[in-house]
Amino acid sequence: MNIIILGGFLGSGKTSFLKLLADSILKKENGTNKVKLAIIENEIGKVGLDQKYLKSHGYVVRELFKGCICCTLSTDLISCLNDIEKNENPSWVVIEATGLARPDEIAKLVKEYFAHCNIVISCVLIDAKRWFPLSSVSGTLIQDQVKYADYLLINKIDLIDTNDLEHIIKDLEINNTSADIFKISTTKNSLECSEICELILNK
Amino acid sequence: MHRILNIRVTSKKNIILMEVNMNLYEERLNRVKAAIALEQVDKIPFMSAGPAAMAAYSNVQLNEYINNMELNCTTNIKFCNDFDMDGTQAPIFTPRILYLQWFSEVVAPGEGSVGVNDLWQIHEKEIMTEDDYDKILEVGYEEWHDNFLIEKYDAFNQAKPYFDYYPEALRRFKEAGIPSFVDGVFQSPFESLCGARSLEAFLMDDLLEIPEKVEKVFELVHEYNMKGYRALVENPETRPIGVWVGGWRGTPSMLNKVMFEKYSWKYMKELAELCIDNDVIPVYHLDSCWDLGLENFKQLPAKKGIVSLDGKTDMYKAKEILGGHTCIMGDVPAEMLAFSKPEKVYDYSMKLIKEIGPTGYILSSGCDVPFNANFENVRMMKKAIDDYGKL
Numbered sequence: 001m002n003i004i005i006l007g008g009f010l011g012s013g014k015t016s017f018l019k020l021l022a023d024s025i026l027k028k029e030n031g032t033n034k035v036k037l038a039i040i041e042n043e044i045g046k047v048g049l050d051q052k053y054l055k056s057h058g059y060v061v062r063e064l065f066k067g068c069i070c071c072t073l074s075t076d077l078i079s080c081l082n083d084i085e086k087n088e089n090p091s092w093v094v095i096e097a098t099g100l101a102r103p104d105e106i107a108k109l110v111k112e113y114f115a116h117c118n119i120v121i122s123c124v125l126i127d128a129k130r131w132f133p134l135s136s137v138s139g140t141l142i143q144d145q146v147k148y149a150d151y152l153l154i155n156k157i158d159l160i161d162t163n164d165l166e167h168i169i170k171d172l173e174i175n176n177t178s179a180d181i182f183k184i185s186t187t188k189n190s191l192e193c194s195e196i197c198e199l200i201l202n203k
Numbered sequence: 204m205h206r207i208l209n210i211r212v213t214s215k216k217n218i219i220l221m222e223v224n225m226n227l228y229e230e231r232l233n234r235v236k237a238a239i240a241l242e243q244v245d246k247i248p249f250m251s252a253g254p255a256a257m258a259a260y261s262n263v264q265l266n267e268y269i270n271n272m273e274l275n276c277t278t279n280i281k282f283c284n285d286f287d288m289d290g291t292q293a294p295i296f297t298p299r300i301l302y303l304q305w306f307s308e309v310v311a312p313g314e315g316s317v318g319v320n321d322l323w324q325i326h327e328k329e330i331m332t333e334d335d336y337d338k339i340l341e342v343g344y345e346e347w348h349d350n351f352l353i354e355k356y357d358a359f360n361q362a363k364p365y366f367d368y369y370p371e372a373l374r375r376f377k378e379a380g381i382p383s384f385v386d387g388v389f390q391s392p393f394e395s396l397c398g399a400r401s402l403e404a405f406l407m408d409d410l411l412e413i414p415e416k417v418e419k420v421f422e423l424v425h426e427y428n429m430k431g432y433r434a435l436v437e438n439p440e441t442r443p444i445g446v447w448v449g450g451w452r453g454t455p456s457m458l459n460k461v462m463f464e465k466y467s468w469k470y471m472k473e474l475a476e477l478c479i480d481n482d483v484i485p486v487y488h489l490d491s492c493w494d495l496g497l498e499n500f501k502q503l504p505a506k507k508g509i510v511s512l513d514g515k516t517d518m519y520k521a522k523e524i525l526g527g528h529t530c531i532m533g534d535v536p537a538e539m540l541a542f543s544k545p546e547k548v549y550d551y552s553m554k555l556i557k558e559i560g561p562t563g564y565i566l567s568s569g570c571d572v573p574f575n576a577n578f579e580n581v582r583m584m585k586k587a588i589d590d591y592g593k594l
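These protein sequences, in sequence, are chains A and Y.
With our numbering, letter number 120 in the first sequence gets 120, and the count goes up by one each step, no holes.
Count along the second sequence starting at 1, add 203, and that's the number in our numbering.
Next up, chain A with everything else stripped away, as it sits in the complex (with noise of 0.2 Å):
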């Protein structure tokens, strides 16, 4: 199973850019007969959201929404991760992870608990609209959410300016030397962000 996370603070974006992913996932699978794609939510504050359209196009969605707000959740993944493997095998999973997580965390987590993964990739989305503020009030969380990405998704870049963009991007690259920076908007250029999808499927 190939293991995409998809990172990123409360608002970012996540959700649309998931739709996208999986639809792209869909297209670059086609033909087989090899389940294609679970999702695993993890979202704080949106339980069940999209859940009827992500199973509508066929992809089995699993919900983790449990415990406290903080420790075990990690033990619940690697569970659903070996259920989904036991049951469904797909051939990618998605986890779309809660706002408070950091991306790299989890990689960490799948790489030491989960045998059944080939290659783990971490995507994390930024709100471009509120970049400066939210990286004003966070103290280490918002960058450490960025620096181990493999991919850094500026979402919603229709909403600020050229010159604040530039901001973002050289922010972006002063945490994270090492990960690929792609400008996006999921709303007003889905077809831009389903070729980023494919970019990130074929790494």
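For the record, the hints were derived by calculation from the structure and aren't laboratory data.
Ideal Cβ placement from N, Cα and C applies to all residues, glycine included.
Incorrect hints may have been included.
Partner residues aside, some chain A positions facing chain Y, computed with beta carbon under 10 Å [claimed, not checked]:
1. Gly-11
2. Thr-75
3. Val-137
4. Thr-177
5. Leu-199
6. Ile-200
Since the structure of chain A is provided, determine the placement of chain Y on it from the hints.
Chain Y only, in chain A's frame:
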């Protein structure tokens, strides 16, 4: 006559058992207190956390566990006894009390889409509106608080069975020789208001857009909370051995330093001081990464509390900063308890004992023992303690 004699014999046995357990209770209490005072201990204290795991250990279904407080207590005592714990952080637990803590919706096992033996869920939504800040300033926090919790969640009735049974649970734990080190949760206004507003709205709309108003409300919430906490700790009849002082959302990884100090630490510090002034142990329950907040605990009196870490904070950094000042508890990670081989848990525990301890240290899971723990791994934590004692 025969029957009466039997009763007398049984009673004598019970009395002997109670005396043995009272000695055990004192022994365990003193062991943990010695660790807090950074004194030599006869063996490393071992503390429990993780109610769902306790239910799983006894094969008790979660919906039964959370709805039957007597069974809940029995289950927890069994877990603590079987693993020879030196104390508990919850003699009983039901997620129905979480309404009062986080002001968020709780979905219990057997309700909604949650199966009867599935873990409870916290659904964080924007239940409190921005207008509620004005209402609080207008009518006072107490009135708003009571109305909000009753109207939105029927929270007091939900929690009633828990509070009704609590004194009996404490009595039973004491009779079993197990001290309870957490009999309450003291928290800053950040935690409940964040839960009621939802994190995104609270951070982006409130703290950034209307900080003065939020701060005014914080003061009212804190004043109300402190009044209740003070009444609890100042009365010898209700004074607990210890309480949690948390640490969930208002963390130094979530907030920048200035905001952390202003909206979280300022209140946590007062809560801790209230505990310490009244000889109550503050158990600083610190979820997520507190690396940048560890220094703050040096502002508090030394040898009075427990810094409890959940596997996200660097234990070795904590030792470097707080060693010789505050007792550290933790942090065998939940995923390790669920999925690692027992040898790995044993080695991890032994390393903690040697390097974070042996003085000023309590071995525990990082936050909860998870629902899907391999209990052989919990046994390995205990074995590490026993083997270290033989060195």
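request  = Against the earlier hints, flag every one the structure doesn't satisfy and list their numbers going up.
outcome  = 4, 5, 6
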